[in-house]
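Engineer: If you want the building blocks of each chain, they are given just below.
2 protein chains.
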Amino acid sequence: MTDQDQKKRQTSAWFSKLQGRICHAFEQLESEAPASLYGGEAGQFEKTPWQRGPEQGGGVAALMRGRLFEKVGVHVSEVYGEFSEEFRTQIPGAGTDPRFWAAGISLIAHMRNPKVPAVHMNTRYIVTTQDWFGGGGDLTPMLAEQRSDDAPDTIRFHASMKAACDAHDPDYYPKFRDWCDRYFYLPHREEPRGTGGIFYDRLNSGNFASDFAFTKDVGKAFLDVYPAIVRTRMGESWSSDEREQQLIQRGRYVEFNLLYDKGTTFGLKTGGNVKTILSSMPPIVKWP
Amino acid sequence: MTDQDQKKRQTSAWFSKLQGRICHAFEQLESEAPASLYGGEAGQFEKTPWQRGPEQGGGVAALMRGRLFEKVGVHVSEVYGEFSEEFRTQIPGAGTDPRFWAAGISLIAHMRNPKVPAVHMNTRYIVTTQDWFGGGGDLTPMLAEQRSDDAPDTIRFHASMKAACDAHDPDYYPKFRDWCDRYFYLPHREEPRGTGGIFYDRLNSGNFASDFAFTKDVGKAFLDVYPAIVRTRMGESWSSDEREQQLIQRGRYVEFNLLYDKGTTFGLKTGGNVKTILSSMPPIVKWP
Chain A
1 MTDQDQKKRQ TSAWFSKLQG RICHAFEQLE SEAPASLYGG EAGQFEKTPW QRGPEQGGGV
61 AALMRGRLFE KVGVHVSEVY GEFSEEFRTQ IPGAGTDPRF WAAGISLIAH MRNPKVPAVH
121 MNTRYIVTTQ DWFGGGGDLT PMLAEQRSDD APDTIRFHAS MKAACDAHDP DYYPKFRDWC
181 DRYFYLPHRE EPRGTGGIFY DRLNSGNFAS DFAFTKDVGK AFLDVYPAIV RTRMGESWSS
241 DEREQQLIQR GRYVEFNLLY DKGTTFGLKT GGNVKTILSS MPPIVKWP
Chain B
1001 MTDQDQKKRQ TSAWFSKLQG RICHAFEQLE SEAPASLYGG EAGQFEKTPW QRGPEQGGGV
1061 AALMRGRLFE KVGVHVSEVY GEFSEEFRTQ IPGAGTDPRF WAAGISLIAH MRNPKVPAVH
1121 MNTRYIVTTQ DWFGGGGDLT PMLAEQRSDD APDTIRFHAS MKAACDAHDP DYYPKFRDWC
1181 DRYFYLPHRE EPRGTGGIFY DRLNSGNFAS DFAFTKDVGK AFLDVYPAIV RTRMGESWSS
1241 DEREQQLIQR GRYVEFNLLY DKGTTFGLKT GGNVKTILSS MPPIVKWP
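Quick note, the sequences are listed as chains A and B, same order.
Position one of the first sequence corresponds to residue 1 (our numbering), numbered consecutively onward.
Position one of the second sequence corresponds to residue 1001 (our numbering), numbered consecutively onward.
Keep in mind the hints are simulated off the structure, nothing from the lab.
As the structure is a prediction and not an experimental result, all values here were calculated from the model.
Where a beta carbon is used, it is the ideal one built from N, C-alpha and C, also for glycine.
Hints may contain errors.
[Claimed, not checked] Example chain A residues on the side facing chain B (calculated, C-beta under 10 Å, incomplete):
#: 1; residue: M1
#: 2; residue: D3
#: 3; residue: V60
#: 4; residue: R65
#: 5; residue: Q130
#: 6; residue: D131
#: 7; residue: H188
#: 8; residue: P192
#: 9; residue: L268
#: 10; residue: P283
#: 11; residue: K286
Please work from the sequences and hints to get the whole structure.
Structural biologist: Printed below as a string of C-alpha cells:
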C-alpha cells in the first residue's frame, strides 16, 4: 500500500468512526428529551449505503427524523473518478490529471425546538495531484435574541472551535472564523446565515499527520460542544410565535444552500447523490 | 416624444393595466370561494410601490395572502439605468452602450387547495440599443395524477396559450412550448417543474405593433384561462395527504427558482428588489 493509499484509508476510516460517534450521541439526546415537550417515540438513525457508480465509490447516508432532532443528516462518503473537462480547471491539481479521490463527513441538524440552534459541520480530505483538508462547523440560532456574537450558545460554540484551532496554530482561529463569516453570508439579504464558527479549505501545511490531527480535533470539538448546547436548551419550552420565527429563519438556510453553497450547487450540477445532498433541506419552512 | 419613448409608454401602461385586471379577477375568486372549504375572510391585494433608486425606476408589488390564494404576487416594474461591466457582455445590444430600460409583469400564485395548480406568468419589454419582448405562462399542478400532458387543466391551459400563439404565427406555439419544457426543468431531479405552457424571449420580428399585440394576447389568454381553471377546481375538497403532497411539490418550485431561474438569480445577484423577487417563494414548504 502506497503512502497516499494509507492516508486515504486513515481519513476515510476516521470520517466513518466520527459518523458513528455523532449518531450515537444524537440518539442519546433523542432518548433523553423530555416527553412533556417532545411527543412520540425517540427517533433513530436510518443508515442507507449508496453507490456513486461502478468503480466510483459511494457513501453511507444516516438520516434521523426524530422528536428533538426534527431532521438531521450525518453523511459520509468516499468517492473517486475523473473530473469533467469543465471542472478540471477549477480544482487545484486537476488540470494535468483529472483523477480525484475525496472523502468526508457532512452534517446538518434542524431541531424541533426553536430555542435549540441548527448546526452544520463538514470535514473532508481531497486528493488530486495535490491533497488537502477542508471543513469547519458553524452554528445557526433561530431566534433573533440568540443571533448575536455574545449570546451564550454562540460563545460556547466558538470557544470549542477556538480550542481545537489553538492546539494546532494560533493563527487558525482568527483566520478560519473570518473565513466562516465571509462564506456563510447572504448578500441579497445583507444577513449572515448564523453566528459563525470556523471554515477552512485547501489546508496542506506540508505535514499530513498534523493537518489530519487538526481535522480530527474539529470533529471532536463539534462532538463535544453541540450535544452540550442541545442538552442545555432542550428542556426549554417555546411559543408558537417562536416556532414561526424558526420556520421563517429556515428559509434563509434554504436560500443560502441553493443560491450560494458550493457543496450543494457543485454536487447537484455534477451528478452527486441528490437525495443525500438535499437531505440538508429543513423539514418544514415558511416564506409568509 | 420619440417613437421609442412611445413604445415604452405603451408597454408599461399595458403591464399596469393587466396587473389591475388580474388582481380584480383574483379578488373576485377569493370572494367566491366556498366558506365550507376556505375559512376566514376573503383576501385582498396589498399594493406596495417601490423605487429602485434615484432616476432608476421602480414598480408596484401587489401581494395577496388569502384563503383560496394562499400567496400570490402580481408585480409590475419599469426600471432603467446602466448595466454593470459584468452584465454588458451578457445582454444583447448592451456591449456598446450599457443603458437599458425594462418593464414587465410577473406573477406567481400558490393556492391553498392542492387540487388547484400553481401558476406562473411573466411578460416583459426590454430596450438596450436593441429592443425585444419576452415572457410566457406555465402551469404547475401539485398532485401526481394531474402532472401529465393529458390531465384536463393542462389541456385547457395549453389550448389557451396555443390560441394566443396561433393568432400570430403558426410556428410560435410548438417553438415556445418546447422552449418552456426545456427551461422549466430540474436536471438534478430529472423532473419538469410543471406541465408546461409557453416561454419566449428576444422576440423582435421587426414589427413592434405585432410583437406587442402578441405579448398582450399572452396576458389576456392567461387572464382568460387561469381563473377558469381555479373556478372549476376550487369547490373540490382535499385530504391531508394531498396537502402534504402539495407542500413537498412546492419544494421543487423553490429548488428551481433558487438554483436555475435566471430572473430570480439575476435579480438577487444584481441588486434587484429582494422582497419582491422572493415574494414568489411558496408560503409553506416541506422537505420531509
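Engineer: Indicate, hint by hint, whether the structure satisfies it.
Structural biologist: Cross-check of the supplied hints:
The criterion of a C-beta within 10 Å of any C-beta in chain B is not met by A/M1, whose closest approach is roughly 36 Å, and the hint is violated. Annotation: interface hint on A/D3 violated; nearest CB of chain B at approximately 37 Å, more than 10 Å. The beta carbon of A/V60 comes no nearer than 20 Å to any beta carbon in chain B, farther than 10 Å, and the hint placing it at the interface is violated. Here the hint on A/R65 is kept, as its CB sits about 7 Å from the closest CB of chain B, short of 10 Å.
Because the beta carbon of A/Q130 sits about 28 Å from the nearest beta carbon in chain B, more than 10 Å, this interface hint is broken. Restraint check, A/D131 versus chain B: the minimum CB separation of about 28 Å is more than 10 Å; hint violated. Here the hint on A/H188 is kept, as its CB sits about 4 Å from the closest CB of chain B, short of 10 Å. Interface restraint check for A/P192: the shortest CB-CB distance to chain B comes to about 16 Å, outside 10 Å, so the restraint is violated.
Interface restraint check: A/L268 against chain B, minimum CB-CB distance 4 Å, threshold 10 Å, status holds. About 6 Å separates the beta-carbon of A/P283 from the nearest beta-carbon of chain B, less than 10 Å, and the hint is met. Look at A/K286: its Cβ gets to within about 5 Å of chain B, closer than 10 Å, so that hint holds up.
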